[in-house]
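There are 2 protein chains.
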Amino acid sequence: MVQTPDPLRLGATIGILGGGQLGRMLSVAASRLGFVTHIYEPGANPPAGQVADRVTTAAYEDHAALTAFAESADVITYEFENIPTEALDVLETHRPIRPGREALRISQDRLTEKVFLQGLGLQTAPFADIAGADDLTAALAEIGTPAILKTRRFGYDGKGQSRLSASTDAQTALAEMAGAPALLEGFVEFSHEVSVIAARGIDGAVACFDPGENVHRDGILRTTTVPARLSSAQRTDAILLAANILNALEYVGVLGVELFVTGRGLIVNEIAPRVHNSGHWTQNGCAVDQFEQHIRAVAGWPLGNGQRHADVVMENLIGDDMNRVPELARQLETALHIYGKADVKPGRKMGHVNRITQKS
Amino acid sequence: MVQTPDPLRLGATIGILGGGQLGRMLSVAASRLGFVTHIYEPGANPPAGQVADRVTTAAYEDHAALTAFAESADVITYEFENIPTEALDVLETHRPIRPGREALRISQDRLTEKVFLQGLGLQTAPFADIAGADDLTAALAEIGTPAILKTRRFGYDGKGQSRLSASTDAQTALAEMAGAPALLEGFVEFSHEVSVIAARGIDGAVACFDPGENVHRDGILRTTTVPARLSSAQRTDAILLAANILNALEYVGVLGVELFVTGRGLIVNEIAPRVHNSGHWTQNGCAVDQFEQHIRAVAGWPLGNGQRHADVVMENLIGDDMNRVPELARQLETALHIYGKADVKPGRKMGHVNRITQKS
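Residue numbers (UniProt numbering), protein chains in the order written: chain A, 1 to 360; chain B, 1 to 360.
The following block holds chain A by itself, in its conformation from the complex (with noise of 0.2 Å):
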């Protein structure tokens, strides 16, 4: 039998890679559980600093930055999976890092995802691997359009990709990803999106948040609505492919996965090891919030109660979104949490507000 390591004591600090939003809401999280957190960020003034009891400015690049920071924490965690692999290399020689490597190398290559979401024999879109031009012709043969050109690292909110509505996109579409090792996805056929945020503890205990349906926007998350439009049959399928995909990867923490609904099941979309934009509903729908787990996890602390008390309608704050806050401040059904950010941009996460009414 595998044992498995002491729980965090109290007062110790958790290391977090990324100040943004979400390294921000994570810290708040730990801190109620009496952890301090320690902040790696190479921008400055990030979010998460407000609310954090150190952060670190410095690059990826830097080995003694990441070293002493890395000393400074009991364990490492992180809000985004696009970490270079070096600094994941020079940060676990000292400290643990939760969620593991494993999840990292196979979320931060869209290839990896697929083929390793197919080997557990769940669904994905169609995907072929494209290193040139040559790959793009055949696999358009093959997938046909619609279909999206994406780069295997690196993307996100819609970033890093092109979609081909016919065939002649190719060439534009291949410019675009400037050399990048690509995938071209096949278009899917699906009703609605829904994601599972899901947690596993050190101890290999399972706890899936209820599912929640997403919709999206030019690319980004603009609102998640709980309860999802999900049959009873196919929440208990979300629920069990999420589980199937913790412990494929031994995973410690709050993982995303993102769902297809179609006539013919869930497919996957996509998996992101971390908390997610579409599990913020938590925080106003149950006891223990996402945050709160995925410190739990990481901590080695047993998972809480994530049974959701209502039905939440959660919506992000996007760029001039913002000057809605004054009005949104005097809705009573409507939480707001702000992310401290300084400069309002086109296109940026500002914040968001949980719409909280009576359970149906």
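Keep in mind that the hints were calculated from the coordinates and are not lab data. Incorrect hints may have been included.
Cut-off 20 Å, straight-line C-alpha distance, at most; resulting in silico cross-link-like pairs (EDC-like, lysine to aspartate or glutamate) [said to hold, decoys possible]:
{"#": "1", "chain 1": "A", "residue 1": "K349", "chain 2": "A", "residue 2": "D135"}
{"#": "2", "chain 1": "B", "residue 1": "K359", "chain 2": "B", "residue 2": "E333"}
{"#": "3", "chain 1": "B", "residue 1": "K349", "chain 2": "B", "residue 2": "D320"}
{"#": "4", "chain 1": "B", "residue 1": "K359", "chain 2": "A", "residue 2": "D218"}
{"#": "5", "chain 1": "A", "residue 1": "K359", "chain 2": "B", "residue 2": "D321"}
{"#": "6", "chain 1": "B", "residue 1": "K359", "chain 2": "B", "residue 2": "E176"}
{"#": "7", "chain 1": "A", "residue 1": "K159", "chain 2": "A", "residue 2": "E270"}
{"#": "8", "chain 1": "B", "residue 1": "K359", "chain 2": "A", "residue 2": "D311"}
{"#": "9", "chain 1": "B", "residue 1": "K349", "chain 2": "B", "residue 2": "D321"}
{"#": "10", "chain 1": "A", "residue 1": "K359", "chain 2": "A", "residue 2": "D129"}
{"#": "11", "chain 1": "A", "residue 1": "K359", "chain 2": "B", "residue 2": "D320"}
{"#": "12", "chain 1": "B", "residue 1": "K349", "chain 2": "B", "residue 2": "E213"}
Got chain A sorted already, so can you dock chain B onto it with the hints?
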């Protein structure tokens, strides 16, 4: 018509006097609304500092530090009422203090507070001003025993109090006051104690959380239970009298009102011009908790939704209770709130738990 001040802009700084657990939880609530906080605290490494943007470690006699602190903030609030008057004088020349000076003046002195409450037509325990031995003899003849001799100022958690079982205890009790101005309070026969956590916005709007029922041991709050055992008439009385106090003080922020439930109505025990230990249940029982409600008020924002959605029993974790944290972390109905204090001491409030059940 009096013009209300402009609401605080996003990103504004809220200065908080005191860096204990109340300042800590106020800081977290402020961050949720997009504010940053600056803590002023004489003691090193205050719990609130772990989740605040800035900390000033300086004495309340340090006028230069107070001035710099005030100038860094847009508004100043506090987590405790015993702030030296001279410090308040310095701060107020630079920035508004909310709740205002009148609430502090009254609640800093038990005698002034009782006179104020009676002036509003509210019931208090019988009391008498005690400047020396003669006063005490006369007061004991009128009020009788058992009674409690209390310092007029700077008492909390049962400190600065001496119980008199008989007139013969007078000399010992007076010696314990060490020459400080004191107050003799008669005992009140009551069935139980409740408290109302009441909020008033800058526009005069009032919102009260559902009353909680409090159990003390050794002068320290142990548990608060909502709903409290109250008839609907008593509940209405409790909320109306809290609103009466708020309006009389032109109060801005959250106020705690402790009440004895007796056969001849509700008797006001004491008021605290701040968030209150007996309001911690709101963190897991309401969409907007007492900390956010206080921040909304002092920021000049509209009050939020404090409607109760669950039954809650709040239990303080005091001293060695912290040894129970691993067990508490496994209980699914229990939400943990740990204060990040380095040293466990007997009688020290280290955290609390909220036990959540479906609303009855």
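Verification of the supplied hints:
no.: 1; hint: A/K349 to A/D135; in the structure: violated, 36 Å
no.: 2; hint: B/K359 to B/E333; in the structure: holds, 13 Å
no.: 3; hint: B/K349 to B/D320; in the structure: holds, 10 Å
no.: 4; hint: B/K359 to A/D218; in the structure: violated, 41 Å
no.: 5; hint: A/K359 to B/D321; in the structure: violated, 35 Å
no.: 6; hint: B/K359 to B/E176; in the structure: violated, 46 Å
no.: 7; hint: A/K159 to A/E270; in the structure: holds, 15 Å
no.: 8; hint: B/K359 to A/D311; in the structure: holds, 16 Å
no.: 9; hint: B/K349 to B/D321; in the structure: holds, 9 Å
no.: 10; hint: A/K359 to A/D129; in the structure: violated, 44 Å
no.: 11; hint: A/K359 to B/D320; in the structure: violated, 38 Å
no.: 12; hint: B/K349 to B/E213; in the structure: holds, 19 Å
The structure shown violates the earlier hints numbered 1, 4, 5, 6, 10, 11.
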